[in-house]
Each structure stands twice: as structure tokens, then as C-alpha cells.
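Visitor: Using the sequences and the hints given, assemble the complete structure.
2 protein chains.
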Amino acid sequence: MTLDEAKGTLAACREEIDGIDRRLVALLNERSRVVERIGAVKANMDMPVYEPKREDMVYANIMAANGGPIPDDSVRRIFERIIDEMRTLQRTRMGAK
Amino acid sequence: MTLDEAKGTLAACREEIDGIDRRLVALLNERSRVVERIGAVKANMDMPVYEPKREDMVYANIMAANGGPIPDDSVRRIFERIIDEMRTLQRTRMGAK
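Protein chains in written order, with our numbering: chain A, 1 to 97; chain B, 1 to 97.
Since the hints were derived computationally from the structure, they do not count as laboratory data. Predicted, not measured: the structure shown is a model, and the values here were computed from it. Any given hint could turn out to be false.
Which copy is meant is left open, so a pair is good if it fits within one copy or across any two.
Listed below are the simulated DSS-like cross-link pairs for lysine-lysine, each with C-alpha atoms no more than 30 Å apart in a straight line [what the hints assert, rightly or not]:
(1) K42 / K7
(2) K53 / K42
(3) K7 / K53
Guide: Here it is in C-alpha cells:
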């Protein structure tokens with residue numbers, strides 16, 4: 001592989017990553033909108049916001065979907081961050097109302 | 001809204017979230033495979049693994065793609081976790097070779 005070939009491959013890979021990242025951002029926001037709908041229903045019905053059993057199901061679904069190469073514990077840490085950020089957003093929105 | 005209606009809406013929302021999560025997991029693994037290809041090219045060419053300028057571009061792309069409702073700083077924290085986990089995976093793989 002020449003240096004020029006390496007640079008060309010890297011550029012193509014980076015374009016691919018940028019495209020994947022844009023799709024990830026869109027999906028994260030889509031998820032956030034559904035979480036908001038759930039929050040609204042729960043607030044309306046005076047239902048508890050945090051349900052540990054449902055959270056277990058979320059992680060079970062994620063682990064079952066993971067075919068690698070990312071290890072399960074890495075995927076879990078990524079989703080812990082995602083879920084935590086969405087919970088914070090919910091709290092901010094509900095506090096603002 | 002009756003309790004039954006609320007439960008029905010919640011069930012539908014949760015099914016939607018599970019579907020989104022499965023797509024997120026698939027995309028994260030797709031991203032990871034591209035990162036691996038980059039790592040292989042760099043190892044082959046003795047190029048530096050960490051390039052701060054490229055990282056800035058990754059975040060710029062993500063921020064530009066973010067239309068909300070998730071705030072920019074939340075999206076950034078989520079991607080910091082994603083990028084960190086992928087870097088760890090790269091290090092483990094390269095160490096194993």
C-alpha cells in the first residue's frame with residue numbers, strides 16, 4: 001500500500017463514519033422524542049417516571065441485538081450514557097413546565 | 001385518557017424505542033468496523049492513531065447534524081462515550097496482535 005492509497009482509504013472511511021454519525025444523531029433524537037411522549041403520558045396519569053423493570057428490558061433488548069464487534073459491556077456503557085442524558089432532558093423539561 | 005389507553009400508548013412507545021435501540025446497536029457496530037479498517041491502515045503505514053484535528057471534525061459533523069430535541073452538549077457527551085469505547089476496543093485488538 002502506498003501512502004497515497006492509504007490516504008485515499010482513510011478519506012473514504014472517514015466519509016463513511018461521518019454518514020454513520022449523522023444517522024446516529026438522527027436516531028438519538030428520534031428516541032428522545034418517543035421518551036418525551038412517554039413522559040407526557042406518565043405525567044398526565046401520575047405514573048412513576050422510573051421503572052427499574054422496564055429498564056432491565058431495555059438492556060436485555062440491546063444485549064440481544066448486539067452481534068459485535070463491540071463487546072456487550074461497552075454497548076451497555078454507551079446506552080447508560082444515552083439513557084442518562086435523556087433522563088436529564090426529561091427532568092429539565094418537566095421542571096420547566 | 002383512561003388508564004387502559006395510557007397503557008396502550010406506553011406499550012406502543014416502548015416497542016418503538018426497542019426498534020430504535022436495535023438500529024442504534026447495529027449502527028454502532030457498523031461504525032466500529034470502519035474504525036477497525038482505519039486502525040489497520042494506520043498500523044500498516046505506521047501512522048499516528050490519535051489525530052486531534054480529525055476528532056474536531058468528527059464533533060463538528062455531529063453538532064451540525066443535531067436538530068434536537070437533545071441539546072448539543074448532551075449529544076457531545078454521548079459521542080465522547082462512543083468514541084472512547086471504540087478507542088479502547090482498538091487498543092485491545094491491536095495489543096492482542
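Visitor: Now look at each hint and say whether the structure bears it out.
Guide: Right, here's what the structure says about each hint:
When the C-alpha separation of K42 and K7 is checked against a cutoff of 30 Å, the pair qualifies only between copies, where the shortest distance is 9 Å, while the shortest distance within a copy is 52 Å. In this assembly of identical chains, the alpha carbons of K53 and K42 lie at most 30 Å apart only when taken from the same copy (16 Å versus 44 Å across copies). Taking CA atoms no more than 30 Å apart as the test, K7 paired with K53 passes between copies only; the shortest distance there is 15 Å, against 48 Å inside one copy.
Hint compliance for this structure: every hint is met.
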